[in-house]
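Could you put the whole structure together from the sequences, leaning on the hints where they help?
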Amino acid sequence: MSEVLSGTLGQVTIASLLQLVESDGLTGMFHAFDCTLRFHDGVLVGADFFGLSGSKAAVEALVRASGAFKMVAEHVPPGNELIPLHSLIMDGFHIMDELQRFGPMVLPSGAIPKLLPADGERSVAQIVLKEKLHLTKVIPSLLKLQNDGQLSPVSIGAPIELEMLHVVGELKGKANTAPTPPPKPVRKGPAPTFDDLVFEARRLTRQRRLTEAEQLLKDALSLNPDSRIVQQNLRRVRTLREQY
Amino acid sequence: MSRTDQITKIIRSLSNNTPDVEGAAVIDNDGLMIASALSADLDEDSVGAMGAALLGLGERITEELERGSFEMVMIRGGDGFVILARCGDEAVLACLASKGAKLGLIFLDLKRSAKELAKLLS
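Chain order of the listed sequences is A and B. Each step along the first sequence adds one to the number in our numbering, with nothing skipped, and position 193 is 193. Each step along the second sequence adds one to the number in our numbering, with nothing skipped, and position 43 is 43.
It is worth saying that the hints were derived from the structure and are not from the lab. All residues carry an ideal CB built from backbone N, CA and C; glycine is no exception. Don't take every hint at face value.
[Unchecked claim] Listed next, the in silico SDA-like pairs over lysine to any residue satisfying Cα-Cα at most 25 Å (straight line):
#1 K119(B) x P192(A)
#2 K99(B) x D89(B)
#3 K115(B) x D195(A)
#4 K115(B) x E200(A)
#5 K119(B) x M72(B)
#6 K144(A) x R122(A)
#7 K119(B) x H86(A)
#8 K9(B) x S152(A)
#9 K9(B) x K114(A)
#10 K218(A) x T4(B)
#11 K114(A) x S152(A)
#12 K218(A) x S46(B)
#13 K9(B) x H86(A)
#14 K144(A) x E90(B)
#15 K218(A) x D43(B)
[Said to hold, decoys possible] Distance ranges between label pairs, derived from CB positions:
#16 I156(A) x T62(B): 34 to 44 Å
#17 L143(A) x D43(B): 29 to 39 Å
#18 E3(A) x E63(B): 36 to 46 Å
Following this line, the structure appears as structure tokens:
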């Protein structure tokens, strides 16, 4: 077994690393603290993180894995793709987006009794951190409550720092004490085209993932600043954001 | 040719080759323009928003009045027509026609264009 990649998450993002693994068709195990992702020919075929397995573990890892990482080349049998990489990255961004929105909320006791021990004092982010909850379960439940008109926060605190949700290392009390080598250069896959960006933005708009849609439209405009269609799309998405 | 270019080509062809068609656009269900062959003096924001509103109303009406799934809506004004036709599940083809337009021919070309567009958008 040989180590093909290593470094520290934070200096390089897990999304960039996964794109490198996919574009280079690597086979092996990706390890970060409490996170194991299994790849065969660049395809994600297994994931375990923080007590979860499968695609939810992969999404959770994308948002929360921290600390030292390494990718080890070893035999991983072929299998069904857990979740396409672009979907994994989009789902991860979606969770982070919604967490920015819901994280500062203080919910009344019994808001989501079985999933989130709200007590009218701690924010959602504080409870997730303290109780070691899974964002891939908490966020969809909060979204459902909101869509049903049943989300009534007691108060809304200061915006959260996403770094606070890198809970695993903090809770287990482990720190990166060993000196880490400098991160290896990360190569990204082929850049999306203007068309890719615009059509993906419209797809995200249909799903009401408006922040992500807005970003993709801005990226599209950076490729073609004179596109009146994309300028209209961006204005429309911003209007929809105000409504939602 | 990109997908956007192909869509634009179809609606430009509709606009240029069908008599009495003064412009066309493809708008998605949320009011985002996908392609436009409308005159420059029309406000794209308004066209997109009105298209989405008309589509939403048309779908609601056909559903409530049990007329099946929404296919087309036509508005007649003193100076011409606005016609919206479904092209796939996620978009409509909007067409502006002049006052004396031969609607039968326009409906035929609209239907053909909508079918081609639906394939590109699926």
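Verification of the hints:
This hinted pair checks out: K119(B) and P192(A) have alpha carbons roughly 22 Å apart, not beyond 25 Å. As the CA atoms of K99(B) and D89(B) are separated by approximately 30 Å, the hinted pair breaks the 25 Å bound. Only pairs whose Cα atoms come within 25 Å are accepted, and K115(B) paired with D195(A) is accepted, the gap being roughly 21 Å. For the suggested pair K115(B) and E200(A), the alpha carbons sit about 22 Å apart, so the restraint of at most 25 Å is met.
Restraint check for K119(B) and M72(B): satisfied, since their Cα atoms lie roughly 18 Å apart, inside the 25 Å limit. Between K144(A) and R122(A), the direct Cα distance comes to roughly 21 Å. Compliance with the 25 Å bound is thereby established for this hinted pair. In summary, the hint linking K119(B) to H86(A) is supported, as the alpha carbons are separated by about 23 Å, within the 25 Å threshold. Of the pairs offered as hints, the one joining K9(B) and S152(A) is violated, with about 49 Å between alpha carbons and a cut-off of 25 Å exceeded.
About 55 Å separates the Cα atoms of K9(B) and K114(A), which puts this hinted pair outside 25 Å; it is violated. Between the alpha carbons of K218(A) and T4(B) the distance comes to roughly 17 Å, so the proposed pair stays at or under 25 Å and holds. For the hint linking K114(A) to S152(A), the alpha-carbon distance of about 17 Å falls within 25 Å, and the restraint holds. Restraint check for K218(A) and S46(B): the C-alpha separation of about 21 Å stays at or below 25 Å, so the hint holds.
Proposed proximity of K9(B) and H86(A) is contradicted: the alpha carbons are some 29 Å apart, above 25 Å. For the hint linking K144(A) to E90(B), the alpha-carbon distance of about 24 Å falls within 25 Å, and the restraint holds. Distance hint between K218(A) and D43(B) is fulfilled; the C-alpha atoms sit about 21 Å from each other, no more than 25 Å. A C-beta distance of roughly 41 Å is found between I156(A) and T62(B), which places it inside the suggested range of 34 to 44 Å.
A beta carbon spacing of about 34 Å between L143(A) and D43(B) agrees with the range 29 to 39 Å that was offered as a hint. For E3(A) and E63(B), the hinted distance range of 36 to 46 Å is not satisfied, since their beta carbons lie about 59 Å from each other.
Violated hints, in rising order: 2, 8, 9, 13 and 18; the structure is consistent with all others.
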